[in-house]
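Novice: Residues per chain are reported as follows:
Protein chains: 4
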Amino acid sequence: MNREEKKIATRKKILDSALELFAEHGYETTTVHMITERAGVAKGTFFNYFDCKEDVFCDLQTFRATLEFEKLKDIRGPILPHVREFLMEFVRFGPNSRQLVRAVLLSDLSNEKSLSNQRKMLEELKEMLIPLIVEAQNRGEFTSAIPADMIADQAIQTYMGVSFTWGMGMGDDKLITQMVASFELFFRGLQP
Amino acid sequence: MNREEKKIATRKKILDSALELFAEHGYETTTVHMITERAGVAKGTFFNYFDCKEDVFCDLQTFRATLEFEKLKDIRGPILPHVREFLMEFVRFGPNSRQLVRAVLLSDLSNEKSLSNQRKMLEELKEMLIPLIVEAQNRGEFTSAIPADMIADQAIQTYMGVSFTWGMGMGDDKLITQMVASFELFFRGLQP
Amino acid sequence: MNREEKKIATRKKILDSALELFAEHGYETTTVHMITERAGVAKGTFFNYFDCKEDVFCDLQTFRATLEFEKLKDIRGPILPHVREFLMEFVRFGPNSRQLVRAVLLSDLSNEKSLSNQRKMLEELKEMLIPLIVEAQNRGEFTSAIPADMIADQAIQTYMGVSFTWGMGMGDDKLITQMVASFELFFRGLQP
Amino acid sequence: MNREEKKIATRKKILDSALELFAEHGYETTTVHMITERAGVAKGTFFNYFDCKEDVFCDLQTFRATLEFEKLKDIRGPILPHVREFLMEFVRFGPNSRQLVRAVLLSDLSNEKSLSNQRKMLEELKEMLIPLIVEAQNRGEFTSAIPADMIADQAIQTYMGVSFTWGMGMGDDKLITQMVASFELFFRGLQP
DNA sequence: AATGAATGAGGCTTCATTCAT
DNA sequence: TATGAATGAAGCCTCATTCAT
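Heads up: the protein sequence lines correspond to chains A, B, C and D, in order. Per this note's numbering, the very first residue in the first sequence carries number 1; after that it's consecutive. Per this note's numbering, the very first residue in the second sequence carries number 1; after that it's consecutive. Per this note's numbering, the very first residue in the third sequence carries number 1; after that it's consecutive. Per this note's numbering, the very first residue in the fourth sequence carries number 1; after that it's consecutive.
Hints listed in this document are in silico derivations from the structure and should not be mistaken for laboratory results. Only a predicted model underlies this, so the values are computations on that prediction, with no experimental measurement involved. Mixed in with the good hints, there may be bad ones.
[Stated by the list, open to error] Residues on chain C that point at chain D, a partial pick, calculated with CB under 7 Å:
| no. | residue |
| --- | --- |
| 1 | Glu28 |
| 2 | Gly44 |
| 3 | Gln157 |
| 4 | Asp173 |
| 5 | Leu185 |
| 6 | Gly189 |
[What the hints assert, rightly or not] Keeping only pairs whose Cα atoms sit at most 25 Å apart, straight-line, the calculated PhoX-like set for lysine-lysine is:
| no. | chain 1 | residue 1 | chain 2 | residue 2 |
| --- | --- | --- | --- | --- |
| 7 | B | Lys174 | A | Lys126 |
| 8 | A | Lys7 | D | Lys12 |
| 9 | B | Lys53 | C | Lys43 |
| 10 | D | Lys53 | D | Lys43 |
| 11 | D | Lys120 | C | Lys174 |
| 12 | A | Lys53 | C | Lys13 |
| 13 | A | Lys43 | D | Lys120 |
| 14 | C | Lys7 | B | Lys43 |
| 15 | B | Lys174 | A | Lys120 |
We put the CB at the ideal spot given by N, CA and C, even for glycine.
With these hints in hand, go ahead and build the complete structure from the sequences.
Specialist: Spelled out as structure tokens, the structure:
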């Protein structure tokens, strides 16, 4: 492992430790000392990689960036199967321990900056979902009795709700199981 | 206003200030000084009413106590209207600004103690919901294709999801509107 | 000693300790811990009185304020005796240990802000001296072969020079002795 | 430029950068990182040339070494012209920006070690001046009414005073001008 | 010889909590 | 009961120094 690779590895160690600890104790309660101790580096090393404690969040990419959403854009034909698949991908690559899920939620709420980031991302997701839902309504896959934007809202709420309660320790052992079950019910409610 | 009333008023002032500030800045970031300053009392006064900062939460009763749940126990006849009504009551008396909702969510996640409190409360709620759901299934109000405990999980997730996303600034101006809309969809999904 | 008096006493203790320590070790080298330890208070107490370490300088009033200079304005008759007297007063009420003198000099050089403060004060002093010197020249007390503003510069330099070298440990045990001797020579040089 | 020359050049770059930065920000406030950045070398390089940060001062030779003083030893005939000349040489090769002068003064006051160094050097200078002054007194160039060691003290104070006030931004643009003017007045005061 | 990542002691500052008034 | 000065543990961050490359 050369010098550059080592740097990347160290950065990753710190990030992972931070994420874990935020998950366990929350942002404010987690100290830089705790992070570096878990990462197995000296305290000073943390500040070689991040200007301040808060900056760690810039790398957390909370609910994975807009890039991921692009996959939803070019769907042709029946919507439902694609959305199901997208959902599973999305969850599979997301944080996969209750701890981590809570960490990410916490970080979203922790400061005004990441709150608005997160809100913006959810708004984007919503805007991306609406045409999909409209299309599904036109195809007769979803009921048209409920406005598309309201359905989008509720899809997001379902996602957040599962994340939140699962993060708190409720539901099935696997997040994906819980998520799929909830969305099955959600889709049932959309039947025409 | 006699002595006893004054005490109660002071306690309330402190509590309200604390709740507002937790809403604005989160638990850890809010200082006792900020609380007492907003409440218009001296710092020492805070500790005349609470043993420590954390104890404020004992009075917050976040997602309102089990007591409230009792109302659900003695329902007779059709379930759905009662649940609808309960939900509206529950939301009406809960925190009604996005700030406060976020404060309560944050406080739940802030420390292990309130996290487990909250989890316990949700478990209780779930246990209380299950017989209701079973009853509704027997009555043919809800589908029996989905196990009652899973439905209970999803009801809670819907509730948390709406709270969370609404707290973050999304959805209808009024939480109750958003909540009702989401549960309408939820109930649709439960149709036999 | 009542509460208010205690506060003043505590503030003074901190200030005195700070000044002493700046004298012994310089500004940057002196830690807040050292200051509070010598003052006999807790570290936190320091920050009850000063927002930050730097703020101590606001109270140091280095080479005593312009107010003192006012005395020079209304001199009538022969100048020299008054100036001698002023000088002795000025030195008598100034910092009177080598340590303190060094502390004040150090604080003047420590940051751009106090540097410009000090410079401004010296400029004011100069402006106040010039008419006095002109008057003395007219009276035949001082030579007119040297421009008044240059004489003023050199008076200041003499003052600073004595302060500096005495502060460093050189010269007579008493600053006033050294200062008077230097100014006698200075005045000799001004004879017509 | 061969290897040996490169080494010298690098050392000089570091020294110059250090001096400049000490001038701008003082000793403690200047970091090794700042020095190496300005010098255009890596941080580690600094420690290849100096054992520690403080050691830079060993090369600063603040008020130029005793060696310089040797010139004063073998004066024959009238003293004054030689002293004038020595003074101009001394100033000419000294630090010639207000910044640098302040840097040197600051460094002298910054730590006990350089303070005593500087004091020692001034004492030496004084010891070297005294026989010169006695000689000048014997020749009738200087007054004998003032003890030689006191005159020596005051010469040094004049030198320091000019340096100090000029460093702070006062007086003529050129240090040498200011210095010469001050010493002319000083010498006037020494007339028999 | 040059580099810069890693180290950790130590500084400044905050803040929950205590306690004398 | 109300006050706010005093406390000191603990946090964040800096930076001189070391060392492997």
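Novice: Could you check if Asp173/C really has its C-beta closer than 7 Å to a C-beta on chain D?
Specialist: Hint on Asp173/C: violated, closest Cβ of chain D at ~13 Å, above 7 Å.
Novice: Check whether the Cα positions of Lys7/C and Lys43/B lie no farther apart than 25 Å.
Specialist: holds, 18 Å
Novice: Within a Cα-Cα threshold of 25 Å, do Lys53/B and Lys43/C meet the stated pairing?
Specialist: Between Lys53/B and Lys43/C the Cα gap is close to 23 Å, so the pair holds against 25 Å.
Novice: Compare the distance between the alpha carbons of Lys43/A and Lys120/D with 25 Å, and conclude whether the hinted pair is satisfied.
Specialist: Status violated; Cα separation ~42 Å.
Novice: Have a go at the Gln157/C hint: is there a Cβ in chain D nearer than 7 Å to its own Cβ?
Specialist: holds, 4 Å
Novice: Measure nothing beyond the straight line between the CA atoms of Lys174/B and Lys120/A; if it is 25 Å or shorter, mark the hint as holding.
Specialist: Measuring from Cα to Cα gives roughly 20 Å; hence the hint holds.
Novice: Close enough to count: is the Cβ of Gly189/C nearer than 7 Å to one in chain D?
Specialist: Nearest chain D Cβ about 3 Å off; hint holds.
Novice: If you draw a straight line from the CA of Lys7/A to the CA of Lys12/D, is it 25 Å or shorter?
Specialist: violated, 32 Å
Novice: Are the Cα positions of Lys120/D and Lys174/C separated by 25 Å at most?
Specialist: The hint holds at about 20 Å.
Novice: Holds or violated: Lys53/D with Lys43/D, Cα cutoff 25 Å?
Specialist: OK: Lys53/D and Lys43/D at ~12 Å, within 25 Å.
Novice: Should the interface hint for Leu185/C be scored as holding, given a Cβ-Cβ cut-off of 7 Å against chain D?
Specialist: With Cβ-Cβ at 4 Å, under 7 Å, it holds.
Novice: Holds or violated: the hint that Gly44/C contacts chain D, with Cβ atoms closer than 7 Å.
Specialist: violated, 24 Å
Hint violations for this structure: numbers 2, 4, 8, 12, 13, all remaining hints satisfied.
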